[in-house]
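Asks: For the protein sequence lines, the chains are E and R, in the order given.
Each residue of the first sequence is one higher than the one before, counting from 1 in this note's numbering.
Each residue of the second sequence is one higher than the one before, counting from 67 in this note's numbering.
It should be emphasised that the hints constitute simulated quantities derived from the structure, not laboratory data.
Just so it is clear, CB atoms sit at the ideal spot from N, CA and C, and this is done for glycine as well.
Some clues are possibly wrong.
As a list, the in silico BS3-like pairs of lysine-lysine whose alpha-carbon atoms are at most 27 Å apart [what the hints assert, rightly or not]: (1) R:Lys192 - R:Lys246; (2) R:Lys132 - R:Lys91; (3) R:Lys91 - R:Lys174; (4) R:Lys132 - E:Lys31; (5) R:Lys174 - R:Lys132; (6) E:Lys31 - R:Lys89; (7) R:Lys89 - R:Lys192; (8) E:Lys31 - R:Lys91.
Not everything, but these chain E residues come out facing chain R in the computed CB check (under 7 Å) [claimed, not checked]: (9) Ala13; (10) Pro15; (11) Leu16; (12) Glu23; (13) Val32; (14) Asn37; (15) Ile40; (16) Ile57; (17) Ile59; (18) Val60; (19) Phe62; (20) Gly65.
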Amino acid sequence: MRLTINGEVQDLAGPLSVAGLLERLRVDRRKVAVERNLAIVPRAAYETAMLEEGDRIEIVAFIGGG
Amino acid sequence: MQDDSWSVAGRTYSSRLIIGTGKYKSYEENARALEASGAEIVTVALRRVNLSDANQPRLTDFIDPKRYTYLPNTAGCYTAEEAIRTLRLAREAGGWTLVKLEVLADRKTLYPDMIETIRSTELLTKEGFEVMVYCTDDPLMARRCEEAGAVAVMPLAAPIGSGLGIQNPINIRLIIEAAKVPVLVDAGVGTASDAAIAMELGCDGVLMNTAIAEARDPVLMASAMRHAVIAGREAYRAGRMKKKMYADPSSPLAGLI
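Bound conformation, chain E alone:
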C-alpha cells in the first residue's frame, strides 16, 4: 500500500489503521495530531480509521514558535 506520509512516499503492508501506522512509525500518539486526505482523524478513531492506497497523511506536533 503506497501512502504519502508528511510529504514522503512510503510503501507499507496493509491492512493498517492510523493507530497501527503510528505504532509502526514509533510516534507517541498522545503528542500528535493526524490528518488524512485533509480531514482530521479524531484520536478516538485511530483504531477504526483504516488506511487506503494513495492516502495522504500528515502527522504533526507542537514545536517552538512565536
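Following the hints, complete the assembly by docking chain R onto the known chain E.
Replies: For chain R alone, coordinates are given in the frame of chain E:
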C-alpha cells in the same frame, strides 16, 4: 496592591507577558527563560513530526501544557484556508480552542494580510475557536477584527523579529481606546523599554519572542521583560504627570534664605 489580573476568553492570568518558544538554542534554555519571564501563556507552532527521528526532544517535555497555556499560532500561513487547516490540527493535538491567528502577506515584511486575517477570524469563530488576532496597527482593521469575533486584538509594534519597538504609539493608543476586547502588542519589541512603553500606553499585555530568544542572555532578558511589563503597567495605572514646557521646582520656594 489590588489584584491586577486580566482575562481573555474567560481565562484569567496574572502575568501580562506572553512569550514565544521559537529561536532558542534549546528547549531547556527556553524553559529557563519562561520561568524567568513569569509568563503564563506561550505561543507554539505546529509542524510535521520528523519521522526519521520520532523520539527527538519535544517542546511538551520541557514546557508542561498543563501548567502553561499553549497558544498555537498559524505562523507561515498566507491564506485563510492554510490557517484554518493548521488550527484544526492544533485543536486536535492540544484539545483547546484558544489560538493565535496570523495570516501573512509577504515573506519580506511578514506584514499581516488583513483581508485574509478578517476572513479567517470569522470562519474560525464560527467553528468554535477563540481567536487572538495578530493585526496591523490600523485602528479600523483592529475594529474589523473585533467585529469578526476576535477575543483579543494584537497589533504589531513593528515587523516580526525586527526589534524596532513601537513605531506608531498614537495608533496603538487609538486601538486601545476603541477596543472592548484585550489589546496586546505583538511583534517588534526589541528591549525592555519597548515593552514598558506598550504597557504605559494602556495595552493589556505584550507578546514577544525574538527580543528574548536572541538576546545575548535570554534568561536575563526574560527577567528584564517581566519587570518592564510590570513597571509599564503600574505606571499606566498610577497615571503619569502632565508634560510641561518649562521647569517646575521640586523644592518649595517659600522659606528660601
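Asks: Next, verify each hint and record whether it holds.
Replies: These are the hints, each one checked on the structure:
| no. | hint | verdict |
| --- | --- | --- |
| 1 | R:Lys192 - R:Lys246 | holds, 20 Å |
| 2 | R:Lys132 - R:Lys91 | holds, 24 Å |
| 3 | R:Lys91 - R:Lys174 | holds, 24 Å |
| 4 | R:Lys132 - E:Lys31 | holds, 13 Å |
| 5 | R:Lys174 - R:Lys132 | violated, 36 Å |
| 6 | E:Lys31 - R:Lys89 | holds, 21 Å |
| 7 | R:Lys89 - R:Lys192 | violated, 33 Å |
| 8 | E:Lys31 - R:Lys91 | holds, 22 Å |
| 9 | Ala13 | violated, 17 Å |
| 10 | Pro15 | violated, 20 Å |
| 11 | Leu16 | violated, 15 Å |
| 12 | Glu23 | violated, 11 Å |
| 13 | Val32 | holds, 6 Å |
| 14 | Asn37 | violated, 12 Å |
| 15 | Ile40 | holds, 5 Å |
| 16 | Ile57 | violated, 10 Å |
| 17 | Ile59 | holds, 5 Å |
| 18 | Val60 | holds, 5 Å |
| 19 | Phe62 | holds, 4 Å |
| 20 | Gly65 | holds, 3 Å |
Violated hints for the displayed structure, listed by number in ascending order: 5, 7, 9, 10, 11, 12, 14, 16.
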